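K.L.:
As you go down the protein sequences, you meet chains A and B in turn. If you count the first sequence from 1, position 48 lands on 920 in the numbering used here, and the numbers rise without skipping. If you count the second sequence from 1, position 250 lands on 293 in the numbering used here, and the numbers rise without skipping.
Some hints here could point you the wrong way.
[Claimed, not checked] Some chain A residues near chain B, calculated using beta-carbon distances under 7 Å:
1. A898
2. L899
3. I903
4. F921
5. F967
6. L1017
7. L1019
8. M1031
9. G1154
10. M1159
11. M1166
12. I1198
13. K1199
14. A1200
15. E1205
16. S1219
None of these hints come from the bench; they were simulated from the model. Values in this document were obtained by computation on a predicted structure and should not be read as measured data. C-beta atoms are modelled at their ideal positions from N, C-alpha and C, and glycine is treated no differently.
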Amino acid sequence: MSAKERHQQSRLLRGIHRTLTGLHPALESLIAGLVGLLVGAILMYIWGFDPIKAYSALIQGAYGGSYEWANTLAWATPLILTALTFSICLRAGMFNIGAEGQMYMGAIAAVCVAYFTLPSGLHQMVGLLFAAVVGAAWSLIPAALKLMRGVSEVISTIMFNWIAKWLALFFVIRVLVDPMRAEKTISLPPSARFSILVPGTSLSYALFVSIAFALVIYFLLWHTTTGYELRAAGLNPTAARYGGIRNKRTMFLSFILGGVAAGLAGATIVMGLPPTYAVFGGMPQLMNLGFNGMAVAMVGRNHPIGIMIAAVFFGGLSAGASWMQIKAGVPLEMVNVVMGAIVLAMSIPELIRVFPMAANASKNLLQTIRRGIRGATKEESA
Amino acid sequence: MSFSDIVSLLRISLHAMVPLALTAIGEIVGETAGLFNIGLEGILLMSAFAGALGAEAGGPYVGLLVGMGVGGFISLLFAVINTYWRGTQMVTGVGINLFALGFVAFGLIQLGAPGFHIIPAKIVVNGTARAAQLAKIRTPIGMYSPVILVALILPFVVHWFIKRTRAGLMLKAAGEMPEAADVSGININRIRLLAAVFGGMLAGLAGAYMSVAWLGLVTKDLSAGRGFIALACVVFSGLNPLLALLAAFIFGFFQALAEWVKTMPSAKAIPYEFISMIPYIVTLLVVSGAIGRVRFPKFLGVPYKRE
């Protein structure tokens, strides 16, 4: 082997090593997903359903064709945003579980835009802006309580979820109600709707709002000073303060960004979900999107790119659920059970260690590669 | 407002206090040992559901026991993940809540009606009628559930246990200074496990109480934030069980008040959505007023790892 070849080999091995260690978190997310599906299968079996039939229906309903893919992405649209709410705040060291309420308020704000007459294009912008501002405002109160009174954001955001739920219901039932159909709010005029991307599905251009926002957050967190400060404050608040980072500012910023994301999530539902472009009484189309977003965030490892991938998985679960209900008779609530089990599995660090065989195999593989690198480097320097 | 109105309001408050008090006391024991469980909401919901099934299968006391068992089991899982496996407590709690939300909604559909399930007062088994709901005790000032007594006495017992016994001190050590406790021969993880299981059983009792002894039904949002309001009680109390009981009564009172105002003919002008917000707003106000003087265990939420 010539020196050049050896050099190339060592570089290749290094690359594999880096990829494998980089893939480690993704592998853990994958295992958590499998554990969740397994728990779901066991429960289905206990209740007398056929898990294999159910899951094959689920997968077919989620990823069986372009129509199914479109619906999966439609489900993923708000999930990406509510997941970002949780992730941004967690990156800053805050445990914001208020995406649900902030999303309700965003949706209500988006419905309000129906009263304006504006040209298309501008109308959508105004709707998104409204929802973002209202979502952020709703998240600012828990942030202020935390800052001024030291109230744990876990408690305050949950209380705000319930207050938001009742406030949103008040608006849906009494203020924004459709005079012709009392079971829903007024519908958005066509100028304020996002047009449909794939005809016959619910996938609209709202998807690009989610993707754009996720990319903005990625850029902000990993390529700006502000983002660096935010992450530093989350990793070690004391060290960050000594380093001259204003923790209160980063905390507020994370809550504002989170609120904006959740508000936009509500807006994408109202402005992008056919056929009514309105909120129904009881808010069935909004329910639990904020909480499921937390599952997406954890499986996506609190990284915007990971979140987008995880959202396709969770969106698929939600989109395939109705197919599973029709084909295998399993109530679609089973999907929430699976999501909960996935999050439980995600909370175990180094999840792979729970499976000793897989852990050993991966350790041995990494060791072999490392030995290879060392050998190659030694030869090279010799 | 007549005298009988006040009595009935206080009676409902006492009933509403029970789940908050029991859950909060359990969480105090867990937090003293260093485990912070935000999955209480899910435990309440799961045990309310399981308790209802147990009560219909074997009577009200079986129902309460099943609820306690389910609560204890979920908490055991939580504790194993967060002691031996050194997990992230917040995430585990969120997982429990999500799981319960899906599981109970799923289970209710399997029972027949989506969204809710009513526990009949009496069930006929082999021709003989038998109670399924826990009967309330008749007193000169209305009917009261016997579980109220448990909720009233338990805080004092737990207070005495934590303050006055050796085991209580070990519990505190596990949360305050796990390293020192470990050196002195205390098994931190086992203590935390036991504390969590105890707390989970109390939360389970609270959940089963709601379905079997108080409301007589299970809905998919039966817990309605009570798990988190119980956490607010814990924060308010600064891990003092007696203050937690007081907080539970305050929050229970405002829940009762909200329910009571809704039935008033003169309150028809106020939309009931606003009245429904009252318990949550009061919780926020009380917690933000109480914070500042409270100190929590140093190692709350931190998994212990032997060096």
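K.L.:
State for each hint whether it applies.
P.N.:
Against the structure, the hints come out as follows:
no. : hint  : result
1   : A898  : violated, 17 Å
2   : L899  : violated, 17 Å
3   : I903  : violated, 14 Å
4   : F921  : violated, 10 Å
5   : F967  : holds, 5 Å
6   : L1017 : holds, 5 Å
7   : L1019 : violated, 11 Å
8   : M1031 : holds, 4 Å
9   : G1154 : violated, 11 Å
10  : M1159 : violated, 10 Å
11  : M1166 : holds, 5 Å
12  : I1198 : violated, 14 Å
13  : K1199 : violated, 16 Å
14  : A1200 : violated, 13 Å
15  : E1205 : holds, 4 Å
16  : S1219 : holds, 4 Å
Of the numbered hints listed earlier, those contradicted by the structure are 1, 2, 3, 4, 7, 9, 10, 12, 13 and 14.
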